[in-house]
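Let chain A serve as the given structure and place chain B on it in line with the hints.
Keeping their order, the protein sequence lines are chains A and B.
All letters in the first sequence, in the order written, are residues 3 to 180 by this note's numbering.
All letters in the second sequence, in the order written, are residues 3 to 180 by this note's numbering.
Don't take each hint at face value.
Where chains are identical, the list cannot tell them apart; a pair therefore holds if satisfied intra-copy or between any two copies.
[What the hints assert, rightly or not] Simulated crosslink set (EDC-like; lysine to aspartate or glutamate; CA at most 16 Å straight-line): (1) 160 / 33; (2) 47 / 133; (3) 160 / 32; (4) 91 / 48; (5) 59 / 24; (6) 59 / 22.
No lab work stands behind these hints, which were simulated from the structure alone.
None of the values given here were measured: they were computed from a predicted structure.
What follows is each chain in one-letter form.
There are 2 protein chains.
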Amino acid sequence: MTTAHVFIATSLDGYIARHDGDIGWLLQRDDPAEEHGYNDFIAGKDLIVMGRGCYQKVLTFDRWHYALPVLVLSRQLAGTAVPPALQGKVRFADLTPRQAMAELAQQGVRRIYLDGGQLVQSFLREGLVTDMVITTVPVLIGGGRPLFGALPNDIDLKLVSSRAFPSGLVQSTYLVAP
Amino acid sequence: MTTAHVFIATSLDGYIARHDGDIGWLLQRDDPAEEHGYNDFIAGKDLIVMGRGCYQKVLTFDRWHYALPVLVLSRQLAGTAVPPALQGKVRFADLTPRQAMAELAQQGVRRIYLDGGQLVQSFLREGLVTDMVITTVPVLIGGGRPLFGALPNDIDLKLVSSRAFPSGLVQSTYLVAP
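Isolated chain A (complex conformation):
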């Protein structure tokens, strides 16, 4: 069985990026000297699953940051070739969240890091998220790409832990009630 885990930052008003994808408001408040637990989080994962929006955002970064294999769920990209520099690191697939989880389970993938707002929302709607580490950035940006979206039912959460950093980030870990 494969389980999906979220580690994501959001403004206090719930946005993971501006409408145009900009995350400068986040980066400028990230103190590199603070240890926010990303390395510990990622060390326990086998694969990263993201959507097209998130993939195209990380493509703009100066270098490819991921040591883990990345699966990009996108109807639009599924028929296209992975850029040469990313072959063997990235795979495109047109799969629903449930199909992706079934395929990954067959491949022996145990724990995935789920990244990007749209994908987190669709996996949450399908009841496919196990836990979430939400880091809240002390700023209101007033609009953008929301972390959460519409749901067919309430999703009950269990707070596992919460900690505040000198930079003003508040990081809370929630188990999603099964």
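Using the frame of chain A, we list chain B on its own:
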């Protein structure tokens, strides 16, 4: 000078009530044995300012909970009579946030408790909020009345403190950067 202070609870996805005003999801997760600091907060305030939506919600409660005078900012209610049971406790006025703050300052009101999503948003847009105590409830409700809204500019916040409760509530206090 009058300062405005927010003390409010929100679902993790940023809603203070469902679309119909329902807050059952909040009340069922509120452990009355936990001390969330409301009494300390309110003890330092002179007056409560709320909008019509919030006023009409508290009217449905079993009793009037407020010892402090309440100012309801509402164009619609401003021409109407305050219910007999609330005379001397509640006043209706058709004032903008800035007008209300100026009038209250003239009356010697020093610190107000600002309640309700719409009013918090309009005071934030005008730069009239000093600090906010935000209590995050461990649930996603998928939609409803949002705590925050559109802004003309980013609002920078300074985290003062954050604490987690056994019930799973996370309460963070932010100073709004002037």
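Here is how each hint holds up against the structure:
1. Taking the closest pair of Cα atoms, residue 160 and residue 33 come within 16 Å of each other only across two copies (14 Å); inside a single copy the shortest separation is 28 Å, beyond that limit.
2. Proximity of residue 47 to residue 133 under the C-alpha cut-off of 16 Å is restricted to the intra-copy arrangement: shortest distance 13 Å within a copy versus 39 Å between copies.
3. Taking identical chains as interchangeable, the C-alpha atoms of residue 160 and residue 32 lie at most 16 Å apart only when they sit on different chains, with a minimum of 14 Å there against 26 Å within one chain.
4. Taking identical chains as interchangeable, the C-alpha atoms of residue 91 and residue 48 lie at most 16 Å apart only when both belong to the same chain, with a minimum of 12 Å there against 61 Å between chains.
5. In this homomeric assembly, residue 59 and residue 24 come within 16 Å of each other (Cα to Cα) only inside a single copy, at 9 Å, whereas the closest approach across copies is 38 Å.
6. In this assembly of identical chains, the alpha carbons of residue 59 and residue 22 lie at most 16 Å apart only when taken from the same copy (10 Å versus 37 Å across copies).
Consistency note: the structure conflicts with none of the earlier hints.
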